[in-house]
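*Asks:* Take these sequences, add in the hints, and give me the full structure.
Residue numbers (full-length UniProt numbering), protein chains in the order written: chain A, 1 to 231; chain B, 1 to 231.
Hints are computed from structural coordinates only; laboratory data are not their basis.
These numbers were taken from a predicted model, which means no experiment stands behind them.
Hints should not be assumed to be uniformly reliable.
The list treats identical chains as interchangeable, and a pair is accepted whether it falls inside one copy or across any two copies.
Claimed, not checked - With a straight-line Cα cutoff of 25 Å, these simulated BS3-like cross-link-like pairs (lysine-lysine) come out:
1) LYS218 with LYS147
2) LYS147 with LYS81
3) LYS147 with LYS186
4) LYS218 with LYS196
5) LYS206 with LYS196
Number of protein chains: 2
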Amino acid sequence: MSIPSFYANSPRHLVAVDCIIFGFEDGRLKLLMMKRKVDPMEGAWSLVGGFVQEGESTDDAAARVLQLTTGLDNIYMDQLKCYGDVQRDTGARVISIAYYALIRIQEHDRVLATEYGAHWLSLHQIPDLIFDHSQMVQDALARLRDKARFHPLGFELLPEKFSLPQLRDLYEEIYQRELDKRNFRKKILAMGIMEKLDEKDKSTSKKGAHLYRFDKQKYEALTRHGFVFEV
Amino acid sequence: MSIPSFYANSPRHLVAVDCIIFGFEDGRLKLLMMKRKVDPMEGAWSLVGGFVQEGESTDDAAARVLQLTTGLDNIYMDQLKCYGDVQRDTGARVISIAYYALIRIQEHDRVLATEYGAHWLSLHQIPDLIFDHSQMVQDALARLRDKARFHPLGFELLPEKFSLPQLRDLYEEIYQRELDKRNFRKKILAMGIMEKLDEKDKSTSKKGAHLYRFDKQKYEALTRHGFVFEV
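*Replies:* Here it is, written out as structure tokens:
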């Protein structure tokens, strides 16, 4: 089929996907980053990403990048935003669609990530990034904070069984501030989306911390319903 | 400056913006639509849009489309989503960035819109649209409903002075269901973001309906703070 002239005469652009991949480990929110392998800015820190190929949807391109760097597929990914400024990439004009993913860091393929040259950096370790990638990270964090205010959060990031201190660490990382222990405990339990297990996590104290599990149905109902969570 | 081979060897794509422009008039939420002027699907109903040009950011392209069709600039526009499926446009592979705008329909340039071939259609008048434009409209409505639940809404769409029945009409259009009058009145006034004026709108009843105006500062504070609005 020949392309109508309306299309044929219009400019074409490089389109990239950039992926903000969040994980949670050792009480820290972490991001999967890599050192850029090409010029300009070879060796500088960057999000993982790549160009959208012919015959490949933007969603598929983001899934490909996630799979290449973590070995994971069927992961919760959402579009963050399109970054469409003309000068954003110093190599050429590139329109970037940013995606963010929340993964259980324990389940990703560490060998694959290392071979790819990808590293998990916690928030306070993240250096200046190339182009507008620092802005993308800030925007993704703002999106996470927004999610945390109006929807339950943690299911995608925490291991299946987790303690209240772990969940509070996660919220503290997202909000970037300390939360009151008792207040957090009261409010998070009041959501009614967690099931207390007959097991304890004894890694952090002798007495141990009770383990919980999300009730997936209640969690999803609250996700649909929304609320305001202030701690 | 020569383009690094990493960029030069990557595929390029047509990138469009499609704009979902909402207005509110005669108690109806309306959308600015047009009949497509080019093949394929010439004459079919479409959102207003266009291709992103060289040296033009995607935001600027959306602002250009809005300005061309309504005469308005400096308008609240937000990205909705990138639509990146390979087959979405039957003419060629086009990646589209959808934007939505909320405008005061009374303030747009009717002559310009008509000359451009654009028409305001209320939600129940909207026919099948080309490509994935019906999906874009559905997604924009879902975004509006989400906004209405967690943030105040109406400032961008209503005239400066408006009555409670007008505001309820707007919410009914967004939610696509009837709302209880007394309950709505109580909850919307409890937000504390409206100022009651010493004027009445006598266009709909002899007794008239009091006119209100948003308190911009309180409105914006509530926008930042968020809440859950259930009616």
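*Asks:* State for each hint whether it applies.
*Replies:* Hint-by-hint comparison with the structure:
In this assembly of identical chains, LYS218 and LYS147 lie within 25 Å of each other by CA distance both inside one copy and across copies; the values are 17 Å within and 23 Å between. For a Cα distance limit of 25 Å, the shortest separation of LYS147 from LYS81 qualifies both inside one copy, at 15 Å, and across copies, at 17 Å. For the identical chains of this complex, LYS147 and LYS186 are intra-copy neighbours only, at 19 Å inside a copy versus 28 Å across copies, given an alpha-carbon limit of 25 Å. In this assembly of identical chains, the alpha carbons of LYS218 and LYS196 lie at most 25 Å apart only when taken from the same copy (14 Å versus 41 Å across copies).
In this assembly of identical chains, LYS206 and LYS196 lie within 25 Å of each other by CA distance solely inside one copy; the values are 19 Å within and 61 Å between copies.
Checked against the numbered hints given earlier, this structure breaks none of them.
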